[in-house]
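Engineer: Sequence:
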Amino acid sequence: METGTVRISSMGLTSTSLHFNIAIIKDQEYLDFLEWLKNMGCPRTKLTLAEFSNTGRGMMATKDIKAGEVIVQVPERNLVTMKTLQSTYGARIARFGKKVNSHMIIALHIALLVQAPERSGWLPYLRMLPKKFDTMPVRYPPELLELLPQNAQVHVKKQKAKIEADYNTTLDFLQSNADLLTRPLQYEEYEWAWLVVNTRCIYLDAKNQSAADNIALAPMLDFLNHTHDAKTEGAFCTKTKSYQIKTLLPYKKGEQVFINYGPHDNCFILVEYGFVTPNNPYNYVTVDNDFMQLSIPGESATAKKDKLELLDMAGYYGDYVLHRNDVSFRLLAGMRLRLVNPFNKSSVATQLAIAQWHNVVNGELDQISPENERLVPIYIERLCDDILAQAKKNLGILARKKTTFTVMHLQQVWIEARDIVLSIIDKIHRKEEL
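With our numbering applied, the sequence shown covers 38 to 471.
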């Protein structure tokens, strides 16, 4: 039986898949996995696992695929869900008495399978899972973590807290279910399993259940990579009792076949999945910290505090973003209020300005005043200058580091941020409406 890889060039395959190499994977682990899928009742597909030099591992079309064709079909019994795990954990969870979530239990299940892979019957699948998650920001060393944009750092901090909380709840659960273990469950083992679920799960439609609590691992389907312009439909088919992915776009033999995780920017994709995508139209730059730290002449600390409280009460505190050629309405609303000076809540003039601000936000007025409107693009540009300075500094640091996927991901995020704010600055200089 042939093992290893078969290397081909993308040149000449199609007009849209150029400038990278493809290595079709035919190692023993993958062949064993295909045999396992066959034994588990999974239908054959027009896909094969390959290593793409531009994206890493993904699925390549072995034949032409038509729009509307089902590309992957995973039988219900092969899905790892709370429903399929009910016989193993249902009664134990009921006795436990504390609230658990699907992510926590499926991660525990994967970790336990790894502890006794030969007994589980899932060894071929387990061998195909990533050995480590070094491109996930939650696994970054401190010197790389601090090079993430601030909003991404906050996202990572929340993710880390979620993993730790799930791990601690899992340890409590295992105190009364120690018979499940072959050895004590270490944090590193659980974190790896949690990230397996986070990066590879799908969401199933279910009545009376939140999406977060209705996730599933679907062997084979989880080898498909994401791109923002893929058009797919995923749903459980009651007729075949399987979860199916249908492509709405055609693919030629030799092309990588993609699915779409949803309309996410690259910072979100990087933190949740450990990669970035080129030419992502959903990218934006968050300027919350820069807005809060913005120094405005004549604005006292008390006035700034009152304005921020007013923004909070009105529902316009935070979530200030810049898109390519577009400033968010929330940021414009926040900036207009910050630029009301002098600002004394007890004065009639300030109360009038606040009323006018509300009218502008509600679309009943075009502006608070000509001077206020004149200053808005000036201070938006100052926020852009802050982001440009951060981008220049961090790109300089990254340029001196060894080239790795992690470094390239961070470079792409900052290059995209730089390009977005430059587009806003250009719009301001051309005196176009923001």
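These are computed hints drawn from the structure, not numbers from a lab.
Just to be clear, a hint being listed does not mean it is correct.
[As the list claims (entries may be wrong)] Distance condition first, Cα-Cα at most 30 angstroms in a straight line; then the derived DSBU-like pairs of lysine-lysine:
(1) Lys341 / Lys278
(2) Lys289 / Lys276
(3) Lys268 / Lys100
(4) Lys83 / Lys289
(5) Lys468 / Lys195
(6) Lys120 / Lys169
(7) Lys120 / Lys197
(8) Lys342 / Lys75
(9) Lys63 / Lys197
(10) Lys464 / Lys429
(11) Lys341 / Lys100
(12) Lys103 / Lys83
(13) Lys430 / Lys382
(14) Lys63 / Lys168
(15) Lys268 / Lys103
(16) Lys382 / Lys103
(17) Lys83 / Lys135
(18) Lys438 / Lys464
(19) Lys169 / Lys439
(20) Lys194 / Lys438
(21) Lys195 / Lys438
(22) Lys342 / Lys382
(23) Lys136 / Lys197
(24) Lys289 / Lys63
(25) Lys83 / Lys195
(26) Lys268 / Lys63
(27) Lys169 / Lys197
(28) Lys341 / Lys103
(29) Lys168 / Lys197
(30) Lys83 / Lys342
(31) Lys197 / Lys438
(32) Lys268 / Lys120
(33) Lys276 / Lys75
(34) Lys195 / Lys168
(35) Lys136 / Lys75
(36) Lys342 / Lys194
(37) Lys197 / Lys439
(38) Lys382 / Lys83
The model shown is predicted, which means the values in this text are computed figures rather than measured ones.
Engineer: Taken at face value, is the distance from the CA of Lys197 to the CA of Lys168 at most 30 angstroms?
Structural biologist: holds, 19 angstroms
Engineer: For the pair we were handed, Lys342 and Lys194, check the Cα-Cα distance against 30 angstroms.
Structural biologist: Holds - the C-alpha atoms of Lys194 and Lys342 are around 26 angstroms apart, at most 30 angstroms.
Engineer: Holds or violated: Lys83 and Lys195, Cα atoms, limit 30 angstroms.
Structural biologist: violated, 39 angstroms
Engineer: Taken at face value, is the distance from the CA of Lys278 to the CA of Lys341 at most 30 angstroms?
Structural biologist: The hint is violated at about 59 angstroms.
Engineer: Measure nothing beyond the straight line between the CA atoms of Lys464 and Lys429; if it is 30 angstroms or shorter, mark the hint as holding.
Structural biologist: Within the cut-off at roughly 21 angstroms; holds.
Engineer: Could you grab the alpha-carbon distance between Lys268 and Lys100 and see if it respects the 30 angstroms cut-off?
Structural biologist: Between Lys268 and Lys100 the Cα gap is close to 19 angstroms, so the pair holds against 30 angstroms.
Engineer: Holds or violated: Lys468 with Lys195, Cα cutoff 30 angstroms?
Structural biologist: violated, 39 angstroms
Engineer: Between Lys169 and Lys197, does the CA-CA distance stay at or below 30 angstroms?
Structural biologist: Status holds; Cα separation ~16 angstroms.
Engineer: What's the verdict on Lys63 and Lys197, does the C-alpha distance respect the 30 angstroms limit or exceed it?
Structural biologist: Between Lys63 and Lys197 the Cα gap is close to 36 angstroms, so the pair fails against 30 angstroms, i.e. violated.
Engineer: With a cut-off of 30 angstroms on the C-alpha distance, tell me whether Lys63 and Lys168 pass.
Structural biologist: Status holds; Cα separation ~18 angstroms.
Engineer: Against the 30 angstroms threshold, does the CA-CA distance of Lys83 and Lys342 hold or violate the hint?
Structural biologist: With Cα atoms ~60 angstroms apart, Lys83 and Lys342 exceed 30 angstroms; violated.
Engineer: Please work out if Lys342 and Lys75 have their alpha carbons no farther apart than 30 angstroms.
Structural biologist: violated, 64 angstroms
Of the numbered hints stated above, those contradicted by the structure are hints 1, 5, 8, 9, 11, 13, 16, 17, 18, 25, 28, 30, 35 and 38, listed in ascending order.
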